[in-house]
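The hints should help you fit chain B onto chain A, whose structure is shown.
Listed in order, the protein sequences are those of chains A and B. All the letters of the first sequence, read from the start, carry residue numbers 1 to 325 under UniProt numbering. All the letters of the second sequence, read from the start, carry residue numbers 1 to 371 under UniProt numbering.
I should point out that these hints are in silico values taken from the structure, not numbers from a laboratory. No residue lacks a Cβ here, since even glycine has one placed at the ideal position from N, Cα and C. Among these hints, one or two may not hold up.
Calculated cross-link-like contacts (lysine to aspartate or glutamate; reagent style DMTMM-like; alpha-carbon spacing at most 20 Å) [stated by the list, open to error]:
(1) A/K79 x B/E369
(2) A/K265 x B/D189
(3) B/K190 x A/E289
Non-contacting residues of chain B with respect to chain A, defined by C-beta distances greater than 10 Å in every case (computed) [unchecked claim]:
(4) I74
(5) G82
(6) K100
(7) D140
(8) A169
(9) D179
(10) D189
(11) G206
(12) D220
(13) A277
(14) D342
Just a few of them, taken from the derived set where beta-carbon distance is under 7 Å, the chain A residues facing chain B [claimed, not checked]:
(15) G37
(16) L39
(17) E71
(18) G75
(19) N176
(20) P177
(21) R179
(22) S261
(23) P262
(24) A273
(25) S274
(26) A285
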Amino acid sequence: MSTASKPSASPAASSLTQPVNGQKADRVFRGVAYACGILILVTLAAVALFLLFRAWPLIGGDQQANSAVIENFTGGKAKSFWGYVGPLLFGTVLVAALALVLAFFVSIGIALFISHYAPKRLAAVLSYIVDILAAIPSVIYGLWGGLVLVPAIYPFWNWIAEYLGWIPLFAGPAANPPRTVATVALVLAIMILPIITSIARDIFLQTPKLLEEAALGLGATKWEMIKLSVLPFGKSGVISASMLGLGRALGETMAVLMILSPGLKYSFKLLQASQNQTIAANIAAQYPEADGIGVSVLIGTGLVLFVITFLVNLLARRITEKAGK
Amino acid sequence: MHTNLARRAFAALCGVALAVAAAACGDNTDPSDRPVSNASSISGSFAGAGASSQQTAVEAWIAGYQKTNPDAKISYNPSGSGAGVVTFLTGATVWAGSDKPLDSAQVEESKQVCSGSTAFDVPVYISPIAIVFNLRGVSDAGKHINMDAATIAKVFNGKITRWNDPTLAKQNPDLDLPDLPITVVHRSDKSGTTLNLLEYLKATAGKDWPYQLSENWPNDVGQGAKGTSGVISTIDQANGTIGYADLSQVGDMGTVAVKVGDEYTEISADAASKAVADSKLDESVPGANRVVLDINHATTEPGAYPIVLVSYDIACPIYRDENTARFAKSWLGYITGKAGQDQAKNATGSAPLPENIAQYVRASIDAIEVK
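Next up, chain A with everything else stripped away, as it sits in the complex (with noise of 0.2 Å):
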């Protein structure tokens, strides 16, 4: 991401006699870091304009036909623009946040046990599997969802609901076939898994071996060291590890539309069906029907899923800056 280009400590030894003019390819090299630095904000520059000008029918447009549009897409369940996006938008963050949850934990055993705990051959095995589970396409991930994972698991969700049903997230009765948050969630934890798990791992790898030693030399156990030294040095690049997983999560569309039985309520009952829809899924869903005011306001939705996705990623810098201190 770097930007900053560092001018070479010695000539280049080319040619021994004649000496080279190492600055012309210093300065072109510069100006093609500035260029592709540059790039990337005229990119995002681009993206939000574009987002804005398609949404803007919804912001200064005739009100009463964006409502009426509004009401066609929900079969008149929401009446407003932010009555519609709400809903969407906050099941795009809990079904985000739970995957997330999930995953987290888990990602970060299987770092440490590549890292800290596998035998060097078995380390190298699970690396190469972790990385090739992080490039599966998310459609591969929806459609095993969708036909092999939601008629499977509605016994152990039954279950949950059953015993569990007390807490007001499990309330019952579980939805048969299981095509609710609780299946995306998890779905989406298996998907963001290995991109957490694949940064953790070499993030713990570069804790410095004087730290780890020095840590065993005064006693401490294997996990008392994991502890002290490897996990406090890989904080920061764990949490932007989440926040890459967390995006992904946020975005994840195919595998929503393909699982997920779609509500617009503000709703925690994680076991019943059509209780939430995310923002991606939702336009995914709603742009074959959709005309002129339509699809503006498909992107206005849009429009708030990037501000989110913003949002979020600026309260991660933030919380790996103080982390970092």
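Chain B in isolation, oriented as in the chain A frame:
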């Protein structure tokens, strides 16, 4: 954005196609030399657009029509009823398929593309809508469940929540119904299938169905699934589910036998035909030549199955272009005739147009002016 572009591109393409067709016609020998009934005289490229429900049937019709008219190139864009009518009213397509008849404003607007005359709609595709369920011990044994309209409404309304509810047990003395929750599965997207089921419930269930008519599912009962395929796969996934879908998509899943009069009628193409035959024309619609059905959902005709989706084709009585007019007349004549209706029945399980309706359809199509 994308659809708009695609629509525009499609419209432009159609315009070009029509121009080419017109040019091709100019090159031909005088069309009046040939009898209209000579099917082989139709050539050129013709486009229609509209209801996706008709798509499979239209594909079968195109294949059948081209057997006798190998020079006619026909395309159908299943862009949806609303989009199909809009495209038709721009003059880019020869005909539109729609799950809904035209409204008064659209009839008025059609004067621009129909050379001053007004467009008309005729029913071409009647598809029975099945109430599908998955219940171990019943549906996998090939058995039907009997339900009257009020029971269906209460199930889809969340009032009846278990399969062994006394209301169900009383109507199905031969079945051993399990103590299992009912999971309702409905469409999560807008759909003509939903609208037609709701029309049936509204007309027959009375106070048990308090909702307004809509293409969106009106309540929060059960689960939503995208498209007919989504509904079918969701029902397939769990024991105790019930939903609705076009008969052609049902396969060997269990279907509900609906109470009509004193008997329970199992779903079939011919039973749906009977219900349509027992229906009246809606005479109140403005415009000439229109055949709009007012389906008699509350029919008591023995053996009739009253939950049907009627899909219309919309065309002009006068076309600017001679070749297009001849095509429209022969094409609509073919698809609403016996051969075409049988073709659709074989391909999709649709119900053939009953004779008492077909005569009005023929009269309307005959009104297309061909010099």
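Structure-based check of all given hints:
1. A/K79 x B/E369: It is violated: about 47 Å lies between the C-alpha atoms, which goes past 20 Å.
2. A/K265 x B/D189: Holds, at roughly 17 Å.
3. B/K190 x A/E289: Distance ~8 Å between B/K190 and A/E289 Cα, so the pair holds.
4. I74: Since the minimum Cβ distance to chain A is about 24 Å, B/I74 lies beyond 10 Å and the statement holds.
5. G82: Violated, since 8 Å does not exceed 10 Å.
6. K100: Since the minimum Cβ distance to chain A is about 14 Å, B/K100 lies beyond 10 Å and the statement holds.
7. D140: About 15 Å separates B/D140 from the closest Cβ of chain A, which puts it past 10 Å; holds.
8. A169: Label holds. Min Cβ-Cβ 21 Å, cutoff 10 Å.
9. D179: 13 Å, holds
10. D189: Incorrect as stated: the minimum Cβ-Cβ distance to chain A is 7 Å, not above 10 Å.
11. G206: 22 Å, holds
12. D220: 6 Å, violated
13. A277: 33 Å, holds
14. D342: 32 Å, holds
15. G37: At 30 Å from the nearest chain B Cβ, A/G37 fails the 7 Å test, so the hint is violated.
16. L39: The hint is violated - A/L39 has no Cβ within 7 Å of chain B, the shortest such distance being about 24 Å.
17. E71: 9 Å, violated
18. G75: Interface hint status for A/G75: holds (3 Å vs cutoff 7 Å).
19. N176: At 4 Å from the nearest chain B Cβ, A/N176 passes the 7 Å test, so the hint holds.
20. P177: 4 Å, holds
21. R179: 6 Å, holds
22. S261: At about 4 Å, which falls below the 7 Å cut-off, the nearest Cβ of chain B leaves the hint on A/S261 intact, so it holds.
23. P262: It holds, given that the least Cβ distance between A/P262 and chain B is near 5 Å, below 7 Å.
24. A273: 4 Å, holds
25. S274: Hint holds; A/S274 Cβ to chain B Cβ min 6 Å, cut 7 Å.
26. A285: 6 Å, holds
In this structure, the earlier hints numbered 1, 5, 10, 12, 15, 16, 17 are contradicted, and the remaining ones agree with it.
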